[in-house]
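Asker: Protein chains in written order, with numbering that gives the first Met the number 0: chain L, 0 to 523; chain G, 0 to 317; chain A, 0 to 263.
Quick caveat, the hints were computed from the structure, so don't treat them as lab data. Quantities reported herein were computed from a predicted structural model and do not represent experimental measurements. Built from N, CA and C at the ideal position, the CB exists for glycine as well. Don't take every hint at face value.
What the hints assert, rightly or not - Pairwise CB distance ranges, derived in the manner of DEER restraints:
(1) Trp497(L) <-> Thr227(A): 37 to 47 angstroms
(2) Leu404(L) <-> Ser43(A): 41 to 51 angstroms
(3) Ser19(L) <-> His289(G): 40 to 50 angstroms
(4) Arg261(A) <-> Val269(G): 56 to 66 angstroms
Stated by the list, open to error - Which stretches of chain L does chain A cover? Using the computed rule of at least three CB atoms under 8 angstroms from a CB of chain A, they are:
(5) 29–41
(6) 436–443
(7) 506–512
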Amino acid sequence: MSGRPGFGRLLLSELTKLYSVRRWSIALLAAPVLTVLAGLLVAASSAPGSPDTTVAGPDGGWVRDRFHFVHRPLTGDGSLTVRVASSALELTVPEADGGAARAREVERTVWAKTGLMLKDGLRPGARYAAVMLVPGHGVRLQSNFTGDIAGPAAGAPAWLRLTRTGSAIAAFQSTDGTAWTRVGTVTIADLPPTVEVGPFVASPTGTAVVQRQFGSLRESRYPTSTRAVFERPALEPVAGPGSGGSPDGWRDDEVNDEATAPDAPGPPPNAPADKRPQSGPPPAAWTGDRLTLIGFGDIAPRPAPQDLVKNSLTGTYAGLLAIVAVAVLFVTSEYRRGMIRTTFAASPGRGRVLIAKAAVIGATAFVLGLVAGAVTLLLTRPILLRHGYAAPVYPDWTLTDPVVLRAVAGTAAVLAATAVFALALGAVLRRAAGAVATVLMLIVLPQLLAGALPSTAGQWLIRLTPPAGFSVQQTVPRYEQAPQLCMPENGCVYDQPWAGFAVIAVYALASTAAAVWLVRRRDA
Amino acid sequence: MAESPARRSGVPIEVRGLRKRYRSTPAVDDLSFTVEPGKVTGFVGPNGAGKSTTMRIILGLDAPDAGTALVGGRPYRTLERPLRTVGALLDASAVHPGRSARNHLRWLAHSNAIPRRRVDEVLDLAGLASVGRRAVGGFSLGMRQRLGIAAALLGDPAVVIFDEPVNGLDLEGIQWIRGLLRSLAGDGRAVLVSSHLMSELQDSADHLLVIGRGRLLADTSVRDLVATASGDRVAVRTGMRVEAMTTLAGAGAPTAITDDETVTVSGLPVERVVDLLTRGGVSFTGVSAHRATLEEAYMELTRDAVEFSSGDDGRPGR
Amino acid sequence: MSTVHAIHAEWTKLRTVASTPWLLLAAVAVTVGISAAATAAAGSRACPDPAACLDDLARLGLTGAQYGQALVVVLAVLVIGEEYGTRSIGVSLAAVPGRWRLYLAKAVVLTGVVAAAGSLGVIGSLLAARHFLPGTALGAANPGQSLSPTAEPVLRAAYGTVLYLALVALLSYGVAAVLRDTAGAIATMLVLLYVAPILTSVVTDPRWLRRIDRIAPMSAGLKIQATTALDSLTSSPWQGLGVLGLWAAGALLAGLLALQFRDA
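Let the hints inform the model, and build the full structure from the sequences given.
Answerer: Here it is in structure tokens:
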């Protein structure tokens, strides 16, 4: 083993081997070209559809903003206290969809909100901070749609208090009205001196997968309502008559983004029930200082219906297949021609040779992936803008946005890991046809089969096979307080983008380890 | 051969004005020759000289840019059952490794309607009868070479073309090939066999085609090639080098001083050199004659035509 | 006459490599297995709302062909790709110098074995469907749909699927003859077949969806499996198979030209 060439030398010689075969170079260059072309095709054939609302939050993001609000103005600093006596969610799932049993499952996706709201007027999308009880999720201090601070795991009955000091809003919770726990403090910029404060109720639509036709899936939505009882709302400083527990001075409104959407086309009259906007809730009812409030809707960030970056990068599949073919041939062709003997004779550390090969093909795939991803996104953005994809539903993006960078770098990393996996499998099987077919089927088939299998099986199939890696391409943010079903059909494999990459990385590492072990053991 | 026909009516290979370029590199450049029946024709040249390309063109695998290659007056691609006319071994490793030797020969036999028993006959002939059912992937290069020869002889062809047949064969195998070549020619077949080493052919070939850089350098018998080589040289050991040179040059022979005490003269027989020196009064201590070998003649012919000093005898430009 | 010998030789060639029976067996097993899994899963579905369970039972029962075709692709590519991979194409052409004849012989043998394996796969799939579907809620939700392969339109779906597999094989064969590389041809074919469905899952413009659905070889060709709701298809079953036929014809022609005019 003396005079063993340095690993750098080995890399260089493998690099030379890879780049000196003309058809491999062509195939490698075809990878970014295919990726870009497929991306352009997807962009050119995409239509934004007509969203039901286009309400934007303070930061320009697309939001839902519908709740029942009993409120009065508060000028300057002050605080509002209330006791939430009860809060009950009403949700009906038709017997056909599974009835009560299914209802419990749907309930878990519903963040029903009962609490105190401080909002810059009644315009949907306006700034706010709110403290609330969310069944199953305790006390939360939420603000400006995306902000969410978890407090104690309390439920009704409970006391809630919201205090404004300048632009700082503090939230408190108490079980008895005397000993208070701070939930948190948020700063709401640009808040005017006078804001609307008061109790509110929101009750979002629940979702569940009830039907899976072969190869297709229906996500069913169930509107809910929440009936909450508030007691003794108390505003300080007292402003005007009856600011204690009486209806005087409190105004009853429903903030509703769907109702105020400027010339929204509105769903057709024969739309299914879950697509029709719910008519307003019954008015607030006062019994002494007890206020009963029924609310619909939700206050939450809304994800874009289409992940434009991920969709634009769909062509990665086509490019990936070209890279897989080269990666497999990079090792199997040596076996076929008996050249592996020359290679192993030239550098007897067989494991090192294989690792050098893996490094070379992995690095090549990574660079190609970076180029392909960046070029695709640069070219598809103007097309998508021309097709009417616009904020707030589709926030504009640039290549330097962290999530977009993650998608591009992640795509490159997935290509690299898949190339290494393909190479290692090629070294294990030593047959090009078998290795290429196996890798490609592992990449492509789970996509198709997932829709055919029962829901959970399909999901796990994708989660555990190489396509999981593509979850790094997700750029639409996901929020805990706005749960979405994570289904392969939604392009969702893992909530955490890098989790999917870990899967393909495990494939790459395990197969490389197996290949190294085998080439050492086997005769060349 | 078990059932060799008696003297067959000869089928020659005729190559006329053949040209072939791979991209910008000429592989074969205006090549013309005839391979006569009843003779072993050696096809020699350095690696990359164009031997394999020429053979591929004869077999219709590559299309020439110009010229024709005919077997028995017809292009190979028009032959109905070509294996019955031409048997060829171009690349012994070009066999599916997963198929057994026997099955390899069987599909070849089917393709040309050759009786099935020939398969066992040629397996026997090539000494592969015991391994006929084994997958070719496990064969050594020598065994593959034998399988390739068995395949070439399957159709009992009148023309046999072997490209570097002794590659990978052991001594016994080489002797077997030599005997086989002679007996094939003895049956009246036209035998074309290539090599990049003259030594492999000098004992078995009747006729030689020397090729370099795609051009035909010599089309001659073995004996004539040796004779036309730049000739025999005589080395004269003498203290009187200048006088010796003058004397010998006076007889019109090229001379050269090769070291302190030696003058070399070419083109004159030893007797004449001794005679000239004696008559010229030049004293010398020794005269040694050097006969050119076939190998040297070949080296001289191809000196300018060597394209690769080493390496695979691949087709150029690929 | 020589063509018959060439076919005989190709048949011997194909059946004497170990990969052939395995690939054919796997193609049948995958087709039947996935079809059976699909019908068994669908058959266990409750259908409280019959409208939501409307389905094309024959098509459902033949689902496995979408996956079994991958093995057909591998087999078809190997038929000619391995000749280049092992360089034995030279030996083959020396034995059968008429190139179209060699090409035709291979195509005939390939079509034959794929049709045979495809028939087994289709029969097995339909038997599985007849075992799992009748008497289920799904079956009740789709009255009047027969699964008997002796009558139209199930008969058409059945032999159409066999034709589909044969055309996929010929398409792959042509592509491999052009590319002369096993891995490259398999990769190209799998992209051609399977990437279109992945693309359509993100394409949102309905015009483009129709376009891709009509042109992509897999979605077009598999229309031959449709037995109900024919008017909702973007093209008729036979038109769809015809599109795949055009793909195959184009690839076959390109492969023949490559074989005819390029050096072996």
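Asker: All hints, please: hold or fail.
Answerer: Taking the hints in turn, this is what the structure says about them:
For Trp497(L) paired with Thr227(A), a C-beta distance near 44 angstroms keeps the hint of 37 to 47 angstroms intact. Evaluation of the 41 to 51 angstroms hint for Leu404(L) and Ser43(A) yields a pass: the beta carbon distance comes to about 45 angstroms. A C-beta distance of roughly 45 angstroms is found between Ser19(L) and His289(G), which places it inside the suggested range of 40 to 50 angstroms. Separation of Arg261(A) from Val269(G) is about 58 angstroms and conforms to the stated range, judged on CB atoms against 56 to 66 angstroms.
Note: the region 29–41 of chain L has 4 residues with beta-carbon separation from chain A under 8 angstroms; the three-residue rule is met and the coverage holds. Here's how the region 436–443 of chain L fares: 4 of its residues keep a CB closer than 8 angstroms to some CB of chain A, so the rule of at least three is met and the hint holds. Check on the region 506–512 of chain L: 0 of its residues sit with their Cβ under 8 angstroms from a Cβ of chain A, so the three-residue criterion for coverage is violated.
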